[in-house]
Amino acid sequence: MVVVELITGRTLDQGATVEEKLSDEYFNAVNYIELSEEDFKQLALKEGDRVKVVTDFGEVVVFAKKSELPKGIAFIPMGPYANAVIDPATDGTGMPQFKGIKARVERTEERVKTIKELLEAI
Amino acid sequence: MLIIKPKKEFEVCIEAELTPELAMKSVEEVRKFKVYYGNRVVELGELFEVVKEGEDKKLVLDGDFGRVKWIGTRMVDGEIVVKGNVGANCGAFMRGGRIVVEGNADDWLGIEMAGGEIIVKGNARNLVGCAYYGNAVGMTGGKIVIEGNAGNYIGEKMNGGEIVIKGNAGDFVGTEMRAGVIEIHGSCGFVGGDMRGGEIRIKGNFDLLPTFRKTEKGWVGDVNVKGEGVIKTF
Amino acid sequence: MQDIICTFCGSVCDDGEYDLEKRKVKKFCKLGSSKFAEKERIKAPMIDGKEVSYEEAIEKAVEILVNAKKPLLYGWASTANEAIRVGVILAEKLGGVYDQCASVCHAPGTLAMIEEGLPGATLGSVKNRADVVIFWGSNPMEAHPRHGTRYSISAKGLLVKDRKQRKIIVVDVRPTKTAKIADMFVQIKPGYDYAIISALRAIISGNADVVPNEVGGVPKEKLVELAEIMKKAKYGAIFYGLGVTQSRGRDRNIENAIKLVQLLNRTTRWVIWPMRGHYNVVGAGEVPAWEVGYQYAIDFSRGYARFSPAEFSAVEVLLRKDCDAALIVASDPVAHFPKMAVKHLKQIPVIQIDPFPNMTTLIAKVVIPSAVYGIEAEGTVYRMDCVPLRVKKILETNYWTDEKILEEILKRVEKLRG
Amino acid sequence: MLWIKNGIVVDPKNKINAEKMDIFVKNGKIVAESDVKKEDCKIIDASGKLVVAGGVDMHAHIAGSKINTGRTMRPEEMRVVRNIAGKFRATLGRVLLTAPAIGYEYAKMGYTTSFEAAQPPIGALHTHEELDSIPMIDKGALPVFGNWHLVFKCIEEKNLEKLKALVAWAIERTKGFGVKVVNPGGVEAWMYGGNVKSLDDQVPGFNVTPREIITWLIRANEELGLPHSVHLHCNNLGVPGNYQTTIESIKLANGFRNPKRQVLHVTHVQFNAYAGSSWRDAASGAAEIAKVVNSMDNVTIDMGAAIFGHATAMTGDAPFQFSLHKLIGARWSNKDTEVETGAGIVPIGYLPSNPVHSLQWAIGLELGLLVDSNKVVLTTDYPNGGPFTEYPYVMAMLMSKKMREGELKKVHQYVQKTTTLPSIDTEKTLYEVIHMTRSLPAKVLGLENKGHLGVGADADIAIYNLNPLETDFSNEFEKVYKSFKTAEYTIKGGEIITKNGELVKEVFGKTFWVDARKKVDLEVIMPDIKEYFNYYSVQLGNYGVEERWLKNPSRLEVV
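Heads up: the protein sequence lines correspond to chains A, B, C and D, in order.
When you line the first sequence up against our numbering, it's residues 1 to 122, in that order.
When you line the second sequence up against our numbering, it's residues 1001 to 1234, in that order.
When you line the third sequence up against our numbering, it's residues 2001 to 2418, in that order.
When you line the fourth sequence up against our numbering, it's residues 3001 to 3559, in that order.
Worth flagging that the hints you see were computed from the coordinates, not collected in a lab.
These numbers were taken from a predicted model, which means no experiment stands behind them.
Careful, some of the hints might be misleading.
[Unchecked claim] A few chain B residues that don't get close to chain C, going by computed Cβ distances all over 10 Å:
no., residue
1, Gly1103
2, Thr1140
3, Glu1147
4, Asn1168
[What the hints assert, rightly or not] Below, in silico cross-link-like pairs of lysine-lysine (DSS-like), each with a Cα-Cα straight-line distance of 30 Å or less:
no., chain 1, residue 1, chain 2, residue 2
5, A, Lys65, A, Lys102
6, C, Lys2156, D, Lys3158
7, B, Lys1008, C, Lys2365
8, A, Lys41, C, Lys2189
9, C, Lys2393, D, Lys3551
10, D, Lys3087, D, Lys3510
11, C, Lys2030, A, Lys113
12, A, Lys41, C, Lys2177
13, C, Lys2069, B, Lys1034
Beta carbons: idealized from backbone N, C-alpha and C, even for Gly.
Only chain A is shown next, with the shape it has when bound in the complex (with noise of 0.2 Å):
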């Protein structure tokens, strides 16, 4: 297990596939972390497997990738398996905060839902 300060935000493809959420090509835009070479070294990792990304706020499972990210950041583009994790709270100002969310990330072999699953689920 890792612990990570979770971003989220846009992606070229999750912005290129935002008006086609119900295909294969959104699902892979939006289903994955973007973890450190250190963290990915850290969980034995390789490409295309999987891990379970818990915070205070819930928890998903995603799959890994390797990014140039400084060690201790993860990056979830935005869309709703980000939004299975992060923190809800708007601190009044109506914005959820969507990054800067403490998250542990562990090897799993559970299997990443699908979106519909995802919603059906909440």
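Dock chains B, C and D against the given chain A, drawing on the hints supplied.
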């Protein structure tokens, strides 16, 4: 004393500017008091049971008022006791009297409060004692005590009065504060951004901004506004 | 067809070429090309998944809306001003709540503007004059791919001729694609934007001695270097993004950055502007501002507009269960709201107006498909810098426009409400 | 059809001064008695009431990015509820109003026309969208020219034909009405953090001066024969000592002549009428300015009166707005706009206890009193000097020395020695004040069918519960003020839209725009425009506003 009790669970939030003045009215009048149930204007009696016990200027809100907003707005004297949670904007623009919340308080507790006392036994959310949107001055007098934790943005633009938080507070305490005292018994995040005056006392940990000078009095700043506010630990 | 206007992101590029035969757009980026590509559509209006006529769907929508104690009317960032205006008036008539996508995007910038104003510029000013551009928590290479070539990074301007004459700085918590092409990258600790901006203000105003050796993961020398660059700029621009608005500090970060810009303007010229996301998220705020006084998080339950993001932003309304019906126009809150907010949305009747099926379609009771602005419908939109553009109709369609659907709803509501 | 019976008519354009007469309306126009069938007319009994043309506001900021930014940054301004949603729209606003509120409040006061005084060309469509959302009144907008690189280029080349073609092209593209000039050259200097300080300062990067910009634009405007003259917001606005710049600018009209109207309109002169060298020794320069204006027959001004209370400074004069922000420490919005123009917004307020604010208040009134009534229009430069809803205050003040004496007691006594207001005995007549609010602004704008009640005029009419024959304007100023605050009837295009301050019917007026393309050869300027569009952030083909996008456009063709 007037006891008001919700009759049912509400479908949407209610706006009811309940003040101790109501305790001075007859039960019939109180039942006819207009409250906002979403976009419907309804009589208080439709949604709440009303019981009168004696003549003192006191309101007992018996039940969960967590979805009832604007309780105690502009009150000047008397007392409100909320037996459960209270909704947003409680004690807004309050000038005197006392509000005791036995549960938790929602956002915007004591907006621009000028006098009186608010005691929350549970937690309070964000924007306690702040200036309302676009206004220049927050709390100017009176006292707010939160026995649990408080959220973010406590005492922004505060220009008098006192806020005491027995637990932890969130981020951005006393931003642009000019006068008054904020006391935090637990820990909090950033403190005193662009503070001009007043005092913030903290018992636990906090995030110090890089714009305060260490002096004998404590941390003085914010230098970005040539401020003379003081942050100290106790 | 020439001068086609893109209805994807806030850059609203207006130099596209559309090939009517191949049904393809040229010159646009990956996002713009995807916008103009053919894709799956909602085929027909539906009630509970069953296909119906537009009129039947509208009748049902009206029934839901007029019976609601507090309907939430949300979305609006991907439609035209003409539709937004009808939507705002509808919210006023219904005594509902109007909120728009900015509330989970750039609305903290509006809160900051309430505190300090917004010293800004059109993108054309930046292109012509800016010799220093800072992307703070924004990543145009992914979110606004042509922003750099058209307006900011390598745009060919009148006074600043090209990329070589312009210094590009990225401030972010991670090395983004934009950071890779920048002249300077300042990597900061998540959540320390506010402290870093305070430190820059102190350095610039001659109080560098107070600033500790390291702030938010950045060594003081680097901050001093950044401050020097800012002071020496002839015309600087800060473009901030969701990295600032969606993380710790939110509006307070921006407020602080605006104060930094105010300070810099005492000795040189600087402007600051948000990198707005959707092509007309600016219109979704400007239209209600002139119609009812506020940009977002507007409650009409008392018969007039009130503004309070702490209470009337869509996420807060949903978290407090403070709405009993929802009309979602040109947006997908089910995909983009936190789980707890979606939970309430699943429990109330939802009406959706959108050209494309999305996650909100999956929970909507009434679904009304609409035409795509900029392709099948004409209308006015505001680019991220508030420059108005009239997007074009290129292709014929049988789909109704958002404006027409909303007008029909409004007409019936007015009839019922008198 | 309407028959307004037995009213006391004041109609300065037609030289009617408080005469009892009937007015007839058909198809939205004033017509002769013989043109109506009396039995089909709706009769309004105006016995003992004042009947005048609907008011014309020739300079206000009512639409576009400036006021809308003002609304956004000032939610505290939007918390005054004026109307609850019902048959009519909900309206809000203290001084800054929502678009529906602007229309409703003008109408309640008997005003039926208002012009947006500064339209950034690239933002023209936004201005028009907001104008289209303002109910009740007729509208127009003045695009700004004084800091546009293309204008500088034509002047540098001393090419009048190009400048004329540019003006005609730009007015058509913006669906604008005339030529507005804001701090010529100064806004361009602001792009480098500076300003211009005199008419002969060189504009950075260009071989032109403010003097040349103003003069050349007057020349182009007059050769084009536009309905309105150049509309000038002078250099050095808000700077003590600026009255001299204002006088110099006014004199630039010398040598130009137009039989129909002025050749230069200088706007919100109150803000440009300060003597002294700093705010510590500032004084009024109004008397000197009045002398010059009165001595010329080709210049008009408007007051830009300051009203005590809240206001919001919003102008295209971006460097001034920044100085104001520095001076008072208030919020500040700025908008540098392509290579065209700029703008700024700062919240302000006028306090009677403040010597400078009192001075500003006094200067506005001095201008209204000292300048010939045929040359000064009543404005507050809404919302810069305050709300337009307080025009009746200014009207009453101009007509009553007694009212002024009372008000002078309430303000900072600094004005006693720094202005001539306490010593002015003039009391403008009702006829003059009606002229200053109706027929004169209509004439200044070049709107022939507005501001009067002659046959053929638009049937925009206000009826006030005020009998001019029985009113002592010197002493009954409270009654005068109250009467003008709320018209008994406001009639727009022949329809009753308000009655005693209640809304009767929502109508949407016209937007006037001027088409002077036939007067020029656009091809002389197109190559330059095309070249300059390399430095725009939009395509030339996407620039501008088409007539069919507007709700109710009315084209005035110049031939």
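Hint-by-hint comparison with the structure:
{"no.": "1", "hint": "Gly1103", "result": "holds (15 Å)"}
{"no.": "2", "hint": "Thr1140", "result": "holds (19 Å)"}
{"no.": "3", "hint": "Glu1147", "result": "holds (22 Å)"}
{"no.": "4", "hint": "Asn1168", "result": "holds (15 Å)"}
{"no.": "5", "hint": "A:Lys65 - A:Lys102", "result": "holds (19 Å)"}
{"no.": "6", "hint": "C:Lys2156 - D:Lys3158", "result": "holds (28 Å)"}
{"no.": "7", "hint": "B:Lys1008 - C:Lys2365", "result": "holds (27 Å)"}
{"no.": "8", "hint": "A:Lys41 - C:Lys2189", "result": "holds (22 Å)"}
{"no.": "9", "hint": "C:Lys2393 - D:Lys3551", "result": "holds (19 Å)"}
{"no.": "10", "hint": "D:Lys3087 - D:Lys3510", "result": "holds (22 Å)"}
{"no.": "11", "hint": "C:Lys2030 - A:Lys113", "result": "holds (27 Å)"}
{"no.": "12", "hint": "A:Lys41 - C:Lys2177", "result": "holds (23 Å)"}
{"no.": "13", "hint": "C:Lys2069 - B:Lys1034", "result": "holds (16 Å)"}
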